[in-house]
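Participant: Chains as they are written, first to last, in numbering that gives the first Met the number 0: chain A, 0 to 270; chain B, 0 to 285.
Quick partial rundown of chain B residues pointing at chain A, CB under 10 Å, derived from the structure:
1) 87
2) 179
3) 212
Since the hints were made in silico from the structure, they are not lab data.
We put the beta carbon where it would ideally sit given N, CA and C, even for glycine.
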Amino acid sequence: MAEPMTAAQRVTIARNCKRPNVQDIVSGLFTDFFIQRGDRLAGEDESILGGIARFHGRPVTVIGTRKGRTLDENLKYNFGMPSPEGYRKALRLMRQAQKFHRPILTFIDTPGAYPGMNAEERGQGEAIARNLMEMSRLAVPVIATVTGEGNSGGALALGVADRVLMLENAVYSILSPEGFATILWKDSSRHEEACELMQLTAPDLKRLGVIDEIVPEPAGGAHLAPEIALRELDLALERNLKTLSRQSGDALAAGRYQKFRQMGTPTKEDQ
Amino acid sequence: MTSIFAQRRQKLLAMKAFRDGRTHAAAAGTVCPGCGQAVSASALAQAQYVCPHCGYHLPLGGYYRLSTILDAGSFRELNARLTSTDPLHFPGYQAKLEAARKKTGLNEAVVTAVGTVDGRKCVAGVLDGRFFLGSMSAAVGEKITRAIEYATKNKLPLILFSASGGARMQEGILSLMQMAKTSAALARFDEKGGFFLSIMTNPTTGGVTASFASLGDVILAEPGALIGFAGPRVIEQTIGQKLPEGFQRAEFQMEHGFVDAVVPRSELRAVISRLLALHEKGGRNG
Numbered sequence: 000m001a002e003p004m005t006a007a008q009r010v011t012i013a014r015n016c017k018r019p020n021v022q023d024i025v026s027g028l029f030t031d032f033f034i035q036r037g038d039r040l041a042g043e044d045e046s047i048l049g050g051i052a053r054f055h056g057r058p059v060t061v062i063g064t065r066k067g068r069t070l071d072e073n074l075k076y077n078f079g080m081p082s083p084e085g086y087r088k089a090l091r092l093m094r095q096a097q098k099f100h101r102p103i104l105t106f107i108d109t110p111g112a113y114p115g116m117n118a119e120e121r122g123q124g125e126a127i128a129r130n131l132m133e134m135s136r137l138a139v140p141v142i143a144t145v146t147g148e149g150n151s152g153g154a155l156a157l158g159v160a161d162r163v164l165m166l167e168n169a170v171y172s173i174l175s176p177e178g179f180a181t182i183l184w185k186d187s188s189r190h191e192e193a194c195e196l197m198q199l200t201a202p203d204l205k206r207l208g209v210i211d212e213i214v215p216e217p218a219g220g221a222h223l224a225p226e227i228a229l230r231e232l233d234l235a236l237e238r239n240l241k242t243l244s245r246q247s248g249d250a251l252a253a254g255r256y257q258k259f260r261q262m263g264t265p266t267k268e269d270q
Numbered sequence: 000m001t002s003i004f005a006q007r008r009q010k011l012l013a014m015k016a017f018r019d020g021r022t023h024a025a026a027a028g029t030v031c032p033g034c035g036q037a038v039s040a041s042a043l044a045q046a047q048y049v050c051p052h053c054g055y056h057l058p059l060g061g062y063y064r065l066s067t068i069l070d071a072g073s074f075r076e077l078n079a080r081l082t083s084t085d086p087l088h089f090p091g092y093q094a095k096l097e098a099a100r101k102k103t104g105l106n107e108a109v110v111t112a113v114g115t116v117d118g119r120k121c122v123a124g125v126l127d128g129r130f131f132l133g134s135m136s137a138a139v140g141e142k143i144t145r146a147i148e149y150a151t152k153n154k155l156p157l158i159l160f161s162a163s164g165g166a167r168m169q170e171g172i173l174s175l176m177q178m179a180k181t182s183a184a185l186a187r188f189d190e191k192g193g194f195f196l197s198i199m200t201n202p203t204t205g206g207v208t209a210s211f212a213s214l215g216d217v218i219l220a221e222p223g224a225l226i227g228f229a230g231p232r233v234i235e236q237t238i239g240q241k242l243p244e245g246f247q248r249a250e251f252q253m254e255h256g257f258v259d260a261v262v263p264r265s266e267l268r269a270v271i272s273r274l275l276a277l278h279e280k281g282g283r284n285g
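Isolated chain B (complex conformation):
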């Protein structure tokens, strides 16, 4: 089963995940951003970047996330080279893109792939917050749409991990239109009976919340993830008061009926696997 190609794919993903892991550790430093307690890089890496003291879930890079979900050797990336074209010729944008590419090793703010989870084939995409805060450029919208279309065509379940500040300002209205594009692609996927699992991670806001992330057949969220349309600061400015503790967090969204379950990172793979099994062959088997 482990062909030479599978081994190669596994090595490639492991390498990219390792690189992601190094930047997570560097970003975290030696104190947890959740509780402020000292924590070693190796302890964080061992716990998939969840603080052993307080359970704070640190952001994960796209490749690293996929390496925690997909079976070893099953990862095959889709549209890897697709990248922004600076459609509005926005001053300074090209240079910023170049800097983000160098820093993260990513071409855009989303990684999409085909792979298996406990042997079940699926399409998986991960928004990566390190690249322009995971914001929705035209290329991000295009990659997600192509992933949805690939899943539709090949009758595969679709898993999308969201982590996004919302729109890509430098692409203006074309960023906005990606909300319509991805949602329309999901309508077609839905009509063909495809299973879409949306997983919201910290933070899922703006145009991503107001499009594909909210359209899952099942919606999961990581503990403590900020999930909302308007950001907390904008709301505070609008209403002229401080927001209560826990407002717009994953647990709040579950209480208000917008998330099916809050699942800690350590249990996520098992829950995904169960859900994929429950939806096998469009839920018609057994």
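Okay, chain A solo, but in the shape it has when bound:
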């Protein structure tokens, strides 16, 4: 485990473009990857990568938000900000996974859903809502891993899982610390202060019961030794998948419902 870090330091590490991204994870942990494209409704959104692959020999569906390392890549992937077509493609692949009894592994690293005109015209809110609803009742194992930054409903739209894992320096929050500071104090320069209040680090979220497991990173962050980070991720995924695979589809869906049902349940002046 690395030295204790401030939340703001973790945000910086979580956004480091040399961190293992979904392409690295696919090539490092999976074999026989077949990319699937398009939502079968309107288009293809490259900010989400999805397809079928083998994980330790077993066919699984892999879905992840995609960030690039170069400007060209980032323009192509819209800096990891999906449009409704991306979320609808993800849903199509998840339904298909259920049909073929494939476990679903999602990887989350996004500044949030794309807040653009076209995305709004095509129902960004509806696309996210539909994913939340449908993911909650999937009858196959679903494991979500927050690998970098997971912001807002755009991250949660791939995150309604039986197990939610987080890389040690990843962050997961209601929106970016900059956005948070803007909304609360009308001053985005106070983002570091926001980081500390938001409880967005992996240890914070573990304590709050929002995530299940922290995947250790090499000292200083996963970007310094990606192969070590990937090995830890592989172990964690395999262990969790093994446990989940023993459960029936109905038991998985019921357990997933209970897991999210309990989140933030208030106790004060309860009736």
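Position chain B relative to chain A; hints supplied.
Facilitator: Relative to chain A, chain B alone:
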């Protein structure tokens, strides 16, 4: 039929609706925020807070809204005392909650109830924009989820009026998780064949749009209501230009296929009643 209890419930709702009405009038002042023309408080109250000049729909408080929809004496509130617990111990939040409670007479940003519309029993919930802009605290998510579960268990139709700025910042990630919680509860309601009528009012944005509000079997919207995931200012900053007139309004959402009908407030109760009748007994009767 009008038992002593029904009379009492009616009085209670009337009282709370009256209090809501007073704050609507105070918020509107004497000019319509839509057209800027002078309008008297009594004229607004008579028209359910729709401007007689331009048809602008002013926001309504939760109890007032229910008093315009539910049959007299049928209102029975659910989980009335449920309120936020400040789960992240966010600086200054408790004091702000206390101030909002005092100002609005509400415990949280949503009122949920059981009642009847033209004799047909239903569960109805209303997000109230006066309380933290109708934002989704854990308590709001919990109350909505319990309302959905109540409707599921008792095989009742569900009506939710949305008016929300989105997430409750002071509850961070736990606010986000309410999107998953409410949507999951709706999945179960859906599987049991329940009818969910979602009614979007001004404004319906952020996490509310990206969860239960968009999952109605039928989705209605009030005229001119702002409906979207990202707020207009965020979009303008992203694309670096001004948004066209009418972007993300109810009529725009209907044109783009995300709203079944835009219904003026004066006709809303009749439309709700018709839809409830069409879905009676899971749509299997007659």
